[in-house]
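Please build the complete structure, drawing on both the sequences and the hints.
Number of protein chains: 2
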Amino acid sequence: MTVGVTRENIAIVLQRPRYPENIGSAARAMCNMGFHRLIVVDPGIWDEERIRRLATHAAGAVVDGIERFDVLSDALAPFGHVVGTTARLGGQRPVLKSPEVLAEKLIDLSRNNPVAIVFGSEDRGLTNEDLKYCHQLVNIPTTGFTSLNLSQAVMVICYCLATATRSDPPAFTPRLAKRIELDRMYEELTEALVRIEYVQPDNPDYWMSRLRRFFARLPLRAGEVGIIRGICRQILWYGNRRYEEGSVDGKTMEDGRPLR
Amino acid sequence: MTVGVTRENIAIVLQRPRYPENIGSAARAMCNMGFHRLIVVDPGIWDEERIRRLATHAAGAVVDGIERFDVLSDALAPFGHVVGTTARLGGQRPVLKSPEVLAEKLIDLSRNNPVAIVFGSEDRGLTNEDLKYCHQLVNIPTTGFTSLNLSQAVMVICYCLATATRSDPPAFTPRLAKRIELDRMYEELTEALVRIEYVQPDNPDYWMSRLRRFFARLPLRAGEVGIIRGICRQILWYGNRRYEEGSVDGKTMEDGRPLR
Numbered sequence: 001m002t003v004g005v006t007r008e009n010i011a012i013v014l015q016r017p018r019y020p021e022n023i024g025s026a027a028r029a030m031c032n033m034g035f036h037r038l039i040v041v042d043p044g045i046w047d048e049e050r051i052r053r054l055a056t057h058a059a060g061a062v063v064d065g066i067e068r069f070d071v072l073s074d075a076l077a078p079f080g081h082v083v084g085t086t087a088r089l090g091g092q093r094p095v096l097k098s099p100e101v102l103a104e105k106l107i108d109l110s111r112n113n114p115v116a117i118v119f120g121s122e123d124r125g126l127t128n129e130d131l132k133y134c135h136q137l138v139n140i141p142t143t144g145f146t147s148l149n150l151s152q153a154v155m156v157i158c159y160c161l162a163t164a165t166r167s168d169p170p171a172f173t174p175r176l177a178k179r180i181e182l183d184r185m186y187e188e189l190t191e192a193l194v195r196i197e198y199v200q201p202d203n204p205d206y207w208m209s210r211l212r213r214f215f216a217r218l219p220l221r222a223g224e225v226g227i228i229r230g231i232c233r234q235i236l237w238y239g240n241r242r243y244e245e246g247s248v249d250g251k252t253m254e255d256g257r258p259l260r
Numbered sequence: 001m002t003v004g005v006t007r008e009n010i011a012i013v014l015q016r017p018r019y020p021e022n023i024g025s026a027a028r029a030m031c032n033m034g035f036h037r038l039i040v041v042d043p044g045i046w047d048e049e050r051i052r053r054l055a056t057h058a059a060g061a062v063v064d065g066i067e068r069f070d071v072l073s074d075a076l077a078p079f080g081h082v083v084g085t086t087a088r089l090g091g092q093r094p095v096l097k098s099p100e101v102l103a104e105k106l107i108d109l110s111r112n113n114p115v116a117i118v119f120g121s122e123d124r125g126l127t128n129e130d131l132k133y134c135h136q137l138v139n140i141p142t143t144g145f146t147s148l149n150l151s152q153a154v155m156v157i158c159y160c161l162a163t164a165t166r167s168d169p170p171a172f173t174p175r176l177a178k179r180i181e182l183d184r185m186y187e188e189l190t191e192a193l194v195r196i197e198y199v200q201p202d203n204p205d206y207w208m209s210r211l212r213r214f215f216a217r218l219p220l221r222a223g224e225v226g227i228i229r230g231i232c233r234q235i236l237w238y239g240n241r242r243y244e245e246g247s248v249d250g251k252t253m254e255d256g257r258p259l260r
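Here the protein sequences come in this chain order: A and B. Here full-length UniProt numbering is used: the first residue of the first sequence is 1, the next is one more, and so on. Here full-length UniProt numbering is used: the first residue of the second sequence is 1, the next is one more, and so on.
By construction, these hints were calculated from the structure, which means they are not laboratory data. For glycine and all other residues, C-beta sits at the position ideal for the given N, C-alpha and C. Check the hints yourself; a few may be wrong.
Claimed, not checked - Reference excerpt, derived from the structure (chain B facing chain A, CB under 8 Å, subset only):
1) F214
2) A216
3) Q234
4) E244
5) E245
Unchecked claim - Selected chain A positions facing chain B (Cβ under 10 Å, derived; list incomplete):
6) C160
7) E197
8) D205
9) G223
10) N240
11) K251
In structure tokens form, the structure reads like this:
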């Protein structure tokens with residue numbers, strides 16, 4: 001059994017978001033990843049209709065539950081651990097270099113502690129004043145263009161928190177072909193390919209080796225071997241039928257017309 | 001030394017996106033993560049101003065370079081490996097259970113092969129018809145509410161691809177068959193299988209779907225597609241030869257002996 005972060009102890013905090021659409025998109029992203037506590041501090045515009053349009057109906061409950069504050073310090077008061085997000089690396093504060101590293105830390109921390117993850121405004125990010133309230137900073141690694149859309153940043157963080165140490169359910173595996181089924185398949189395949197002169201009859205093993213390598217690239221399933229054997233049998237049947245058709249036509253075309 | 005995916009060989013394909021804003025947001029997310037090739041197929045609305053507003057100035061070059069197509073098959077023709085994104089698990093097709101697993105696979109695959117990652121429309125995702133072109137599907141794991149915003153889904157995939165690294169030396173990867181080579185192979189295969197009556201001519205797609213699933217289990221190499229197409233041609237040749245043999249024998253066996 002594996003454990004992940006304790007989602008109900010983690011809150012997303014948007015500090016001075018400018019656009020209601022980003023609040024709504026953040027709520028939807030949270031909902032996708034199983035997070036439900038959203039705190040909004042001093043928003044530039046509060047327009048619930050625009051928020052809800054991007055949140056979609058599914059994240060309606062997250063929007064209903066939004067906690068609003070005027071100042072960041074009040075919003076963060078009850079939290080035992082506060083993480084700030086930043087596009088900048090370096091400076092005086094230690095920055096966790098990826099959301100994955102953060103997620104690993106939060107698995108233990110969030111078990112018994114309310115944790116806040118704070119995102120700054122779209123244009124300026126978190127100010128030095130805001131950073132004072134953060135125990136820790138995390139950076140989302142980018143390539144070239146560092147400025148993520150606010151709700152995209154929320155998604156990346158929530159995704160990484162949600163997927164940290166997930167236990168994999170065993171994949172469904174259909175029955176694989178037994179060795180004897182494979183051997184018969186290769187016999188029938190060789191016969192069919194010799195008949196259609198795709199492989200040379202004097203040294204079929206040489207010619208078959210490429211096909212064997214191809215099929216060996218994946219463990220063939222019993223059903224797939226059945227398909228291939230069925231096709232081989234149909235090739236032989238087809239040859240016999242065409243022979244009969246030609247034979248009948250040959251008898252009736254005694255006038256010397258060219259064979260079709 | 002660590003290796004990652006080869007970004008310049010990876011394209012993001014949006015199939016029938018409804019909203020220009022999502023195209024723009026996807027472009028920005030790509031740009032954040034260092035991906036630059038964006039393909040848009042049959043968009044609901046093409047409004048470059050709305051696209052650019054969400055892309056921001058930084059992703060302007062990605063928007064400039066957008067390749068537009070009317071149909072998905074044309075868009076995918078040059079790609080050696082096509083990955084579809086789906087919110088659904090289960091069903092008959094194998095679905096990679098996370099973007100991380102996909103990313104690990106693409107580290108080798110993207111080195112020498114153009115790879116397309118296809119996202120369906122906001123309301124319906126990828127249809128069964130669209131899925132026919134995909135070698136593989138990937139699911140973004142969610143908790144509860146499975147429907148991700150389109151550009152959020154693009155971000156999660158791009159983020160996972162961008163951050164995947166591996167220290168192993170890369171395995172050798174032969175050239176994979178391009179989508180157009182695969183399409184021709186399926187055409188020739190259908191013709192041959194109809195001829196030998198392995199599939200019913202009135203509904204070949206139904207019968208071919210099992211074979212497509214089989215071949216989709218592994219990325220077919222160009223040389224392997226050549227083998228299969230060669231066999232198909234030989235089957236047709238064989239039918240004609242057998243017909244001629246029967247025809248000649250039919251003329252010479254006037255004494256009523258049974259056809260061999």
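**Item:** Violations among the numbered hints
**Value:** Going through the list in order, the structure violates hints 2 and 8 and respects the others.
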